[in-house]
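Student: Sequence:
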Amino acid sequence: MTNPEAAGAAGPIPVPPWRPQPREIRARTPISLERIVDVALAIIDVEGTDGVTMRRVASELGTGPASLYAYVDSREELLQRVHERVIAEVAFPDFADLGWEEGVRQFALSCHEVYRRHADIALLSFADIPTTEPSLAGAEAMLAAMLQGGVPVHVAAWALDRLSLYIAADAYEGWIMQQRFGGSTPEESEELGRAYFDQVGEFFASLPRDRFPTMTSHLTEMMEGDGEERFLFGIDMFIAGIASQVPSQPHQRPGRPSRSAR
3 MTNPEAAGAA
13 GPIPVPPWRP
23 QPREIRARTP
33 ISLERIVDVA
43 LAIIDVEGTD
53 GVTMRRVASE
63 LGTGPASLYA
73 YVDSREELLQ
83 RVHERVIAEV
93 AFPDFADLGW
103 EEGVRQFALS
113 CHEVYRRHAD
123 IALLSFADIP
133 TTEPSLAGAE
143 AMLAAMLQGG
153 VPVHVAAWAL
163 DRLSLYIAAD
173 AYEGWIMQQR
183 FGGSTPEESE
193 ELGRAYFDQV
203 GEFFASLPRD
213 RFPTMTSHLT
223 EMMEGDGEER
233 FLFGIDMFIA
243 GIASQVPSQP
253 HQRPGRPSRS
263 AR
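Heads up, the sequence shown is in the numbering used here, so the first residue is 3 and it goes up one at a time.
I should point out that these hints are in silico values taken from the structure, not numbers from a laboratory. Treat the numbers as computed from the prediction; the structure is a model and nothing was measured. Hints are supplied without guarantee of correctness; some may be wrong.
Quick list of the computed label-pair ranges, beta carbon to beta carbon [said to hold, decoys possible]: (1) Glu230 <-> Pro32: 37 to 43 Å; (2) Ala207 <-> Asp130: 53 to 59 Å; (3) Leu149 <-> Gln201: 45 to 51 Å; (4) Met239 <-> Asp99: 20 to 26 Å.
Glycine residues also receive a C-beta, built at the ideal position from the N, C-alpha and C atoms.
Using the sequences and the accompanying hints, generate a full structural model.
Tutor: Following this line, the structure appears as structure tokens:
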């Protein structure tokens with residue numbers, strides 16, 4: 003008589019063909035803060051920041067939301083970590099070689115480009131004080147370059163704050179406009195955008211000339227230029243404004259802006 007244990011030792015009993023075959027169990031890739039941020043950023047790039055929830059990120063990682071709380075305390079902290087990752091993509095120029103004016107310009111262009119690559123990520127910079135190594139190092143280099151270039155301390159300090167706000171606000175508005183235009187491809191969105199601004203131009207052209215003589219007379223100048231050109235115009239105006247505060251003589255110091263002037 004055959005020993006049942008000996009027979010079973012030869013191999014597992016096959017699954018009957020009328021029953022579901024067992025699924026292959028794949029070993030999960032260990033979770034880390036880096037992978038959590040990777041997944042959250044990937045979601046943002048497609049859906050925007052509203053698409054990020056702890057449950058959604060956990061699902062993409064093949065785990066439960068509770069697993070994420072070992073790495074971040076909340077959705078807000080996760081989004082902050084994502085923003086830190088994005089800021090690390092910004093290329094900080096060599097201010098020593100370029101000078102503060104061209105350095106500020108190149109920094110603004112790089113930061114704007116990075117924000118534009120990641121949907122509405124720019125909104126995470128609003129009401130947030132930079133405290134990460136990349137952002138602090140960049141601010142230190144920019145502030146030092148402006149001071150060495152003769153920019154007064156209070157002008158340079160406030161300029162850092164206003165510059166970051168201008169960059170983020172422009173990038174965020176660009177994302178909002180893309181959502182408004184729609185389109186399944188960037189080319190289609192651009193085409194829809196042109197059609198929209200054509201309608202805007204037609205509206206301004208239809209305004210009563212007797213009531214709006216200046217606007218209707220300069221419609222071409224008001225409507226020309228794309229978003230990138232206008233952003234560059236704003237940056238150049240910003241830099242020119244800072245430069246205008248540099249004293250022409252070493253003993254001259256421009257006064258601090260009064261509250262009534264702001």
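Student: Check each numbered hint against the structure and report the violated ones by number, ascending.
Tutor: Going through the list in order, the structure violates hint 2 alone and respects the others.
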